[in-house]
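As a plain string of letters, each chain reads:
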Amino acid sequence: MKAATQAIVRILAESHVAAVAVVFLLFWSIESALTALYWLLSVPFMNFWGALNLSIFYVSDIFYALKAFATSLAMQITNGVVLSFLFNSIVCLAGAWFLSRSVYGFGPVRSLSRYRVKVPRGIHE
Amino acid sequence: MSDRLKRALVESFIGTIALGYLLAQALLYFVGIFSRPVEQWVQQRMYPTLAANASQSFPIEAALPQAISFIVLLLVFYVLLRWLYFQPMVQRHPSLTRTPDSGWAVIFAPIPLPTPANTSYRKLGRRSGFFR
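These protein sequences, in sequence, are chains A and B. To convert a position in the first sequence, counted from 1, into the numbering used here, add 14. To convert a position in the second sequence, counted from 1, into the numbering used here, add 5.
Only chain B is shown next, with the shape it has when bound in the complex (with noise of 0.2 Å):
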């Protein structure tokens, strides 16, 4: 079942979209830490009356939200991100039944580091070597 869920997500691009989606709001939000505080404490500047029962000092506070969110989405951004690609997909019939490097095996693995046989795109002087 995980595996044909994986299978799916993966070759209908779907998993790549909502990976896409959920690194850049986490970027977003990692910005916002530091935005967010900025944004308050000119708005208590510029709309005193409003901000009247504000603290008058910086609101370091207001980055807590972003700081939980930003946190929270890159939490689950790397578990989908090893469960469906860290571990390449091997064609294989539907019918077969689980196997050990399936579901939460993968997500617990160890990162597969690069061997000296995928690192040689180093030496081309780009960074993934993925337009090579």
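Only chain A is shown next, with the shape it has when bound in the complex (with noise of 0.2 Å):
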């Protein structure tokens, strides 16, 4: 078992499968911490502009635009809308470091800096 093991992972390690699977999983992970940070702010800033706005015109008060902000802040973080994506985001970069320290014996980050020197660039004419 232990031997068959190994002969996979010398085969994804050699296919350049692992390498390939690492970078999904860190390009999910991004996505996601994006994602979150897009639900996070997108609503509280639009509540801050809309708020700003109309205290310009009526009530002058930019306290009433940050209320604004720090209650729709606090309904989006406890939605679990960003909670999700966040989740989301740790399961990848967890699943790319697991997979990168099995195969490679690295992080993925420096597994994946080393693939500069073992892969060459290639030349399409």
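Do not take every clue at face value.
Unchecked claim - Here are the simulated distance ranges between beta carbons:
| no. | chain 1 | residue 1 | chain 2 | residue 2 | range |
| --- | --- | --- | --- | --- | --- |
| 1 | B | Met-51 | A | Ala-108 | 31 to 37 Å |
| 2 | B | Val-15 | A | Gly-121 | 24 to 30 Å |
| 3 | A | Phe-59 | B | Met-6 | 54 to 60 Å |
| 4 | A | Ala-17 | B | Glu-66 | 21 to 27 Å |
| 5 | A | Ile-76 | B | Ser-17 | 56 to 62 Å |
What the hints assert, rightly or not - A short, non-exhaustive set of chain A residues, derived as facing chain B with CB atoms under 10 Å:
| no. | residue |
| --- | --- |
| 6 | Ser-29 |
| 7 | Ala-33 |
| 8 | Gly-94 |
| 9 | Ala-110 |
To be verified - Output of the computed footprint for chain A on chain B, the stretches with three or more beta carbons under 8 Å from beta carbons of chain A:
| no. | stretch |
| --- | --- |
| 10 | 21-29 |
| 11 | 41-52 |
| 12 | 64-78 |
No lab work stands behind these hints, which were simulated from the structure alone. Every residue gets a Cβ at the ideal spot worked out from N, C-alpha and C, and that includes glycine.
Using the hints, put the two chains back together into the complex; each one sits in its own frame.
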């Protein structure tokens, strides 16, 4: 069993399949993190901007806009969407780290940066 | 035909990219086996009016689609990996006929275990010895 696992790990490394999987997982992790950030900040900023515009013409009070921003921010955190994307991002990052560590013996960034030396750039004419 | 397809998939790296995608998806489905029931349980507790018909117990059945997807993806991944990469590609004229080491014979052949010659990388202290 151990020998078979070694063979599969070796094939995963030499066929570059593990590297591609690590790249996919890192990409999905970054995508999920950015989506979480978008969900976290988009609605509060829209509310802030709307309240600010309102305050210029009617109330002239920036604290009202800041309060709208803080309320929206708290609502976005507690409704679970941001946490879901954040969890997805962490899972993808952990998967990339686990795969890279078990196949190459290094973390994902270090093993991918070594690919620049290992796989030379091709010239297509 | 099978050999030509295999050569095209390996040399164009399409097989590598497809297998990498399958492996990454399989990992995520494996995590989903544990996280999906927890997610549904939290949703039931946060929005009890939306989940009025759902049972109050822990929704362990939510892990079933994830488990099935994980097993199927892993199976497809393993079959494709065996077909494409377990036998090294040899330079062969494309007009040569089908050989016994191609197609289904490769998929169902026993795993080639590492010989002492190709296990020397273990002495170097890294898992696969890829970055020597």
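Structure-inconsistent hints, enumerated in ascending order: When the structure is compared with the hints, numbers 1, 4, 12 turn out to be violated.
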